[in-house]
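Can you build the whole structure from these sequences, using the hints too?
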Amino acid sequence: MKIQALYSIFFFSVLMGACEPKTEEFAPSRGEADFYHYVALGNSLTSGYADGALYKSAQAMSYPAILSEQLKKVGGGNFTQPVVDNEDGLFAGKLFLDYSLDCNGEFSLSPVISSGNPIGYPLAIRPVGYSVDNFGVPGAKVAHLIFPGYGNPQRLQQNPPTANPYFVRFASDTGTSVLADAMKQNPTFFTLWIGNNDVLGYATSGGENNTADESITLEGNFHFAYETLINTLTSNGAKGALANIPDITSIPFFNTVPTMGLYLDENSASSLNQAYHQVEIFIQSLGYPDFGYGFQFKTGYNAFIIEDRNFPYQVPKALRVRQAKPDELILFTIPQDSLKCGGMGSYNIEKQRPYGIPQQFVLDEEEIAQIQNAVKRYNAIINELAIQKNLALVDVANLLQQAKSGITYDGLNFDIKYISGGIFSLDGIHLTPQGAAIVANYFIEAINKQYKASIPKTEITQYPGIKYPETIPLKK
Amino acid sequence: MKKFSLLFIILITSSIGLLAGGYQVRLQGARQSGMGLTGTSLISGASDIFYNPGSLSFLSKKFEFTAGTNAIFSKIEFRSLESDYVAKTNNPVSLPFFFYGAGKITDKITAGLGIYTPYGSKTDWPDDWSGRFLIQNIALSSIYFQPSISFQILDNLSIGAGLAYVMGSVDLQRALPYNDRSFVKLNGNASAFGFNIGVLFKPAESMHIGIDYRSKIEVKLDDGDANFRIPASLVSIITIENKFSSSLPLPANLDCGLSWQITQKLLFSFEINWVLWNCYDSLTFTFIENGDMLNSINPRLYSNSIIPRFGLEYRIQPKLKIRTGAYYDNSPANDEYFTPETVTLNTLGFTFGLSYHPIENLNFDFSFVQLMGIEGEKKYSPGNFAGKYRSSASIPGIGISYSF
Chain A
1 MKIQALYSIF
11 FFSVLMGACE
21 PKTEEFAPSR
31 GEADFYHYVA
41 LGNSLTSGYA
51 DGALYKSAQA
61 MSYPAILSEQ
71 LKKVGGGNFT
81 QPVVDNEDGL
91 FAGKLFLDYS
101 LDCNGEFSLS
111 PVISSGNPIG
121 YPLAIRPVGY
131 SVDNFGVPGA
141 KVAHLIFPGY
151 GNPQRLQQNP
161 PTANPYFVRF
171 ASDTGTSVLA
181 DAMKQNPTFF
191 TLWIGNNDVL
201 GYATSGGENN
211 TADESITLEG
221 NFHFAYETLI
231 NTLTSNGAKG
241 ALANIPDITS
251 IPFFNTVPTM
261 GLYLDENSAS
271 SLNQAYHQVE
281 IFIQSLGYPD
291 FGYGFQFKTG
301 YNAFIIEDRN
311 FPYQVPKALR
321 VRQAKPDELI
331 LFTIPQDSLK
341 CGGMGSYNIE
351 KQRPYGIPQQ
361 FVLDEEEIAQ
371 IQNAVKRYNA
381 IINELAIQKN
391 LALVDVANLL
401 QQAKSGITYD
411 GLNFDIKYIS
421 GGIFSLDGIH
431 LTPQGAAIVA
441 NYFIEAINKQ
451 YKASIPKTEI
461 TQYPGIKYPE
471 TIPLKK
Chain B
1 MKKFSLLFII
11 LITSSIGLLA
21 GGYQVRLQGA
31 RQSGMGLTGT
41 SLISGASDIF
51 YNPGSLSFLS
61 KKFEFTAGTN
71 AIFSKIEFRS
81 LESDYVAKTN
91 NPVSLPFFFY
101 GAGKITDKIT
111 AGLGIYTPYG
121 SKTDWPDDWS
131 GRFLIQNIAL
141 SSIYFQPSIS
151 FQILDNLSIG
161 AGLAYVMGSV
171 DLQRALPYND
181 RSFVKLNGNA
191 SAFGFNIGVL
201 FKPAESMHIG
211 IDYRSKIEVK
221 LDDGDANFRI
231 PASLVSIITI
241 ENKFSSSLPL
251 PANLDCGLSW
261 QITQKLLFSF
271 EINWVLWNCY
281 DSLTFTFIEN
291 GDMLNSINPR
301 LYSNSIIPRF
311 GLEYRIQPKL
321 KIRTGAYYDN
331 SPANDEYFTP
341 ETVTLNTLGF
351 TFGLSYHPIE
361 NLNFDFSFVQ
371 LMGIEGEKKY
381 SPGNFAGKYR
391 SSASIPGIGI
401 SYSF
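As you go down the protein sequences, you meet chains A and B in turn. Numbering (my numbering) for the first sequence: 1 to 476. Numbering (my numbering) for the second sequence: 1 to 404.
In short, the hints are calculated from the structure, not lab data. Bear in mind that the values here come from a model prediction, so they are computed numbers and not experimental data. Positions of the beta carbon are idealized from the N, C-alpha and C atoms, including for glycine. Hints should not be assumed to be uniformly reliable.
[Claimed, not checked] Listed next, the in silico DSS-like pairs over lysine-lysine satisfying Cα-Cα at most 25 Å (straight line):
no.: 1; chain 1: B; residue 1: 202; chain 2: B; residue 2: 265
no.: 2; chain 1: B; residue 1: 62; chain 2: A; residue 2: 22
no.: 3; chain 1: A; residue 1: 449; chain 2: B; residue 2: 379
no.: 4; chain 1: A; residue 1: 72; chain 2: B; residue 2: 88
no.: 5; chain 1: A; residue 1: 22; chain 2: B; residue 2: 388
no.: 6; chain 1: B; residue 1: 388; chain 2: A; residue 2: 72
no.: 7; chain 1: A; residue 1: 22; chain 2: B; residue 2: 379
no.: 8; chain 1: B; residue 1: 388; chain 2: A; residue 2: 452
no.: 9; chain 1: A; residue 1: 73; chain 2: B; residue 2: 88
no.: 10; chain 1: B; residue 1: 75; chain 2: A; residue 2: 22
no.: 11; chain 1: A; residue 1: 73; chain 2: B; residue 2: 388
no.: 12; chain 1: B; residue 1: 379; chain 2: A; residue 2: 404
no.: 13; chain 1: B; residue 1: 88; chain 2: A; residue 2: 22
no.: 14; chain 1: A; residue 1: 449; chain 2: B; residue 2: 388
no.: 15; chain 1: B; residue 1: 185; chain 2: A; residue 2: 467
[Said to hold, decoys possible] Residues from chain A that face chain B, not an exhaustive set, calculated with beta carbons under 10 Å:
no.: 16; residue: 25
no.: 17; residue: 28
no.: 18; residue: 99
no.: 19; residue: 466
no.: 20; residue: 469
[What the hints assert, rightly or not] Take a look, some chain B residues computed to stay more than 10 Å from chain A by CB distance:
no.: 21; residue: 183
no.: 22; residue: 194
no.: 23; residue: 245
no.: 24; residue: 268
Put into structure tokens, the structure is as follows:
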């Protein structure tokens, strides 16, 4: 009996050991591409900028950094970023989520500018002293990447500056361009996601600032600069992936303050109607007897009043207003206190006159159409060059389109809403680390498809999203 | 004007699961465990209270007491699709047990009580694993109290029935996406009634046919505790100590078995279990507070499964028997609604057993069950969570019987 018991114990333990469950392993493969030396070119999205700043932990989870980790599994080497060794950022302006008191005395969770210690000038533009592989330069447009001297600190003093402090940090010399420095790395593989700023500068200034710096880049100029980039980057046989430009008018920066956001109770609706009636009488007295705004304020949500740059009558500027149309957009940077308590968007009680939201905080239908058309034209160029040069096309435009109606990964729900959407960081433009991981996986999908590779995707859930504060400050 | 509303972020609890689906733990008798978990047509003594109360009146002695336990060592491996990510469970050992006592009231009537644990599972995924927003860990347990009575109607025909009182408990934890330490913990207890009826027929002395039906039991959980561990900044939005109600069906089973004493020494047993899992259509949660954002209906869409089993028992010498068996358990889970809270794959089971009978009144049984979940690519569509799963479980068991 004893011997049999021993036998059976032995038998069972062999069985138990042999039955460790093992799933079939993933077989990584580089396919037709060589990822030995990967470089990333682009703008703030590529640099890892988030929450209104370029700071250490977000930079470490930039989409190129995430992608490079995955590329290491198919022969990729080290990937160096120009590290910002500060959690408050290179320059001031980093946002974090906290409770704050608004002008109505409402204590609520909202983005607040960090009071920490960013690096700041002059340390911020001190050269990092090593060569990098992430050539994401916040603020860069497509032409900036081929512009020699874009990293020259002297040019920062010019008005307007013709260099970029973020590139000054890692430019190899004062005369170089982003592209030239990238080529010095002898890349075997590159990603390029550029062009957003060619419309974004125009858009984030409400379409108003039509100076050379903030106007929409002309199609011909875009094409020339983009083609130069591609021709140079592929000149030594490197393969790569081009990301196109999403419809920037759908990002939270333009969609967080609702156009139909003017809430009125019964009394304020009727006094607003009366007030505008008085203004109409005044304008009629200026020689426009038939004038009427046509406003009809009602109890509940109404469209905000905005400045009307096409107002057909010669009246004082403050009176040239109209109601925003449902598809027009209000910018995230609008001063909240003016909007909530100062009468902006409805009527200035103190000064007894209309108070339209200034044009610089509004994208009207015309401006939106211009932006969307420009994006379409840029994307056509990117698409054409990708096909021509056999490069992977990362259809970020499609990704954002899908995200509009919500996408789910591993039980996490994402959409394009501010904060709750999880993709966009607190600045409403740049990505959270989870958003960056989604984008990195999108790159991987496109690269795998184009080059018949099997780069493993990253796990989105292993990256942080929006961080909610652990404590509530006492009301001041 | 609200700058942004936090409320709709909190679409949590969209798919919390309670039920250890195919994890019906049929380890309610040591002899049966050795024989491919067949038992409907066997006459095994007091443990027939679970397997077929109809057999109970064929008890050989006047009284019999049986107790036993099993140790379930189970492991699951998950692998993401298109990725090299792997996660393994670190499941604690789970110890289902059984106790039966039966006695003859008259020659033809036998009564008994069974206390056993036919449903239960413990699954512990790593706290930071990629499916943590679906499940981090879950422990489900149930205990049945079943008084039973059996009548021998004819020399070769006996019927029996039992009333089952069930106490169940669930304890589960799931991550929330507010920071890397946020989670919700749900736990609750419930009780319910069900029944178990069976018939045993002996068309010949060497051949037995058994049919047993265990009713579906809907365990309704009211007043369960939901505890939210969330950042302080969200406490004004989410009630951290909430109550919930839910309901989980323990499915009905119809078992039909045949056993044949091929030679004096060799017994063969075959049976089919029909498990009516299609009652598990969805899992619904209703919360007392924040119901508009927390309440959820989570599809499961299980289908019925048919499990064929067979077992052999061979008497080496009067005091020693060896047993073996095998079965194939078809997963009731839907491939598109497969959640990591209940990893139930198509499973092959192999069983081994040994029985030692040192003195007339005393019997020791040892069993070993090895389960091998066949690798499958599964997805939980509502959470877009997909991957390959493989599972295994090794279950040594012991039983002791005393009759007089």
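(request) Please write out, lowest number first, the hints stated earlier that are contradicted by the structure. (result) 2
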